[in-house]
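Protein sequence lines, in the order shown, are assigned to chains W and G. For the first sequence, the numbering used here assigns the number 2 to the initial residue and increments by one for each residue that follows. For the second sequence, the numbering used here assigns the number 2 to the initial residue and increments by one for each residue that follows.
I should point out that these hints are in silico values taken from the structure, not numbers from a laboratory. Heads up, a few of these hints could be off.
Cross-link-like lysine-lysine pairs, in silico, DSBU-like; alpha carbons within 35 Å at most [claimed, not checked]:
1) K165/W <-> K21/G
2) K3/G <-> K165/W
3) K44/W <-> K21/G
4) K267/G <-> K26/W
5) K115/W <-> K267/G
6) K47/G <-> K177/G
7) K18/W <-> K260/G
8) K7/W <-> K126/G
9) K269/W <-> K304/W
10) K44/W <-> K119/W
11) K18/W <-> K177/G
12) K236/W <-> K269/W
13) K26/W <-> K21/G
14) K229/G <-> K119/W
15) K304/W <-> K115/W
16) K372/W <-> K236/W
17) K139/W <-> K126/G
18) K18/W <-> K126/G
19) K139/W <-> K115/W
20) K203/G <-> K52/G
21) K126/G <-> K25/G
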Amino acid sequence: MNGKMKGVTLVADWDPKPGFKLGAKDIEGRQTYLGSQVWRNPKLEIREYDIPTPGPEEVLMEVKACGICGSDVHMAQAGEDGYIFYPGLTGFPSILGHEFSGVVVEAGRNARDKRTNKPFKGDEAVTTEEMLWCGQCKPCADGYPNHCEQLDEVGFNINGAYTKYIVLPSRTLWSLEPLRETYKDEDLFVAGSLVEPTCVAYNAVIERGGGIRPGDRVVILGAGPVGIAACAILKRAGASLVIISETQQERADMALKLGADLHVNPLKEDFAERVLELTGGMGADLFMEATGLPEVVYPEIEKVIWEGRTLNSRVIVTARAEAKMPVSGEVLQVRRASIIGAQGHSGHGNFPRVIESMASGMNMTVMSTKKIKLEELPENILNLQTDRSECKITYIAE
Amino acid sequence: MKLSVVLSTQPAQFQAATFKGNLKENLKLISGLGYGGVELAIRDPKLINEKELISLLNEYGLRVPAIGTGQAWGEEGLSFTGPDAGVREAAIKRINSHIPIASKFGAIIIIGLIRGIVKPGVDPKQAMDWLVEALKRCCGEAEKQGVMLALEPINRYETTLINSTTEGLTLIEQVKAKNFGLLLDTFHMNIEEAVIEESIRKCGNHILHFHVADSNRWYPGAGHLNFKGILSALFRTRYEGWISGEFLPEPDAETAAEKNYSEMIKFSQL
């Protein structure tokens, strides 16, 4: 397919901080696994691109909807020294956007639709994993694609979906056709654009955290989209009580709408005391750290585990943070508790399960509180640095 | 994929200039094989009929991605690091004289063997100082006309100065010019680099131009280099420049250029 398209592109200067050494997978001047150590003076520009062509195992997808993620905000946000906030894999200039859905326009001869186990016909509604795991390194071969050693990330170091067309490997695509009965028109694609962040939550609390048994109590700390998705998933999994801890009322309300039973505001009340009170002194079976402030919230979680009567509590660390967590080993020993790290969304049947959950009524589309056009993306990404009142802003392609 | 091949504008001793001799015939042939560009080896811009050259390039729809300058060393002995100050000055003057024509073509000026070889009696440190100084001066001139200079790390059997990409990257730090970078050549890298793909990754956006030749300096495919891996690594650096064939005219120039084209085009979807 010939033609041009516009793409919201992040541009930044390669200006490594003193002492930075090119990592084993970094590319001089182009790509690094330590974004905040290298990239300076980020800018969002709308640039023009050729429509890309799919290779034999790839698919050309027309983008229909794409959500703005916190990492988009942090890539475009600089501290006083000019360096970007986002600490991870980045390669600029790149079109941003990685939570998206669309339809298949053109497929390479070896591209297969996993839903039918046949070649794509065209026009299928699809979403994709954001992590393009290689399938060849040891972690991939061992079944841990979220820890791929040759990872590319859509909208981070390769072009993403704040545009009209994108080429993706068919191995990371998932059919959204099961959603067609439940979601109509635009809603189908908005739901599809929420699959990726919901899979991050699913991977954390179900795959990594081991899930729950019906009747378990859970506490989710942080009502960002991933924390909210965790509330929805765990409620459907049979939690007897889902507590959301969040400082911002709009976000807490969204969590309550999607599955949380009770809200604790740690700025207004004592988190540990309140959780113990709400659980009759029992505490919780599962805690999810989704705030990015582990040094602040972990001591509180630990207090609930120590003073509560629940054994075998699990703490799932989901949000990224540079700060260390202050952990008392004795609490883990005495309470048979454990801390588990969770990263990514790929593999383990996460995507198809989330899509089926959405098809059978786990409606996440209410999270999308604002719909915008491509030209409005830069200002909205920048506004999110200070304004957290919208839950999820979604770019709807025209 | 932007493919070009090296053509010497004068008769030359340099063996790996794929095409030598009649300009018009060669340009016609190169264009006919499908190439979009021709890398010109020019000993001295004074010896060029610029008007005729431009009209021929237009006639055959060929761009000039880069200009090779090594013949001034090979045929005349000009060098940035010769013990004779007059020779060093003449070399700088010669490179500067390429700038106007390079600017017209939008071509990169290649710093190959014109950097010289450390001669007996010359302190290698002194030679490096002369090299850095010469490059700074030439880059300063070139910058005024928006021209880039690319130094080619050349294997140890051909020069003593800057054999590897690591040395090339150190030189970049010393020259400190925005319009200075590297030309990587797969033939030299095969001799000097531990892992060619790794070296490409480390050179990243400093790669301004790229030469292909196989391990035996024949056309790609005639030796044992893994061009799929090499070009994948190159494209991962977001290299958007030209892939220029600089190989021996074996078994003959036309066959070599034809084989190179068909080998390279296989990788256009990497």
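Going down the list of hints, with the structure as the test:
1. K165/W <-> K21/G: Violated. K165/W to K21/G sits at ~48 Å, over the 35 Å cutoff.
2. K3/G <-> K165/W: holds (26 Å)
3. K44/W <-> K21/G: The hint is violated at about 48 Å.
4. K267/G <-> K26/W: holds (26 Å)
5. K115/W <-> K267/G: OK: K115/W and K267/G at ~29 Å, within 35 Å.
6. K47/G <-> K177/G: Judged against 35 Å, a Cα distance of about 30 Å means the pair holds.
7. K18/W <-> K260/G: The given pair, whose Cα atoms are some 45 Å apart, is violated under the 35 Å limit.
8. K7/W <-> K126/G: violated (51 Å)
9. K269/W <-> K304/W: holds (18 Å)
10. K44/W <-> K119/W: Not satisfied, since the Cα-Cα distance of roughly 42 Å exceeds 35 Å.
11. K18/W <-> K177/G: Holds: K18/W and K177/G sit about 17 Å apart, inside 35 Å.
12. K236/W <-> K269/W: holds (25 Å)
13. K26/W <-> K21/G: violated (41 Å)
14. K229/G <-> K119/W: holds (29 Å)
15. K304/W <-> K115/W: Since the Cα atoms of K304/W and K115/W sit roughly 46 Å apart, the hinted pair is violated (cutoff 35 Å).
16. K372/W <-> K236/W: Measuring from Cα to Cα gives roughly 27 Å; hence the hint holds.
17. K139/W <-> K126/G: With a Cα-Cα distance of about 46 Å, the restraint between K139/W and K126/G is violated, given a limit of 35 Å.
18. K18/W <-> K126/G: OK: K18/W and K126/G at ~29 Å, within 35 Å.
19. K139/W <-> K115/W: holds (23 Å)
20. K203/G <-> K52/G: Distance of about 40 Å is beyond 35 Å: violated.
21. K126/G <-> K25/G: violated (44 Å)
In this structure, the hints that do not hold are numbers 1, 3, 7, 8, 10, 13, 15, 17, 20 and 21, in rising order.
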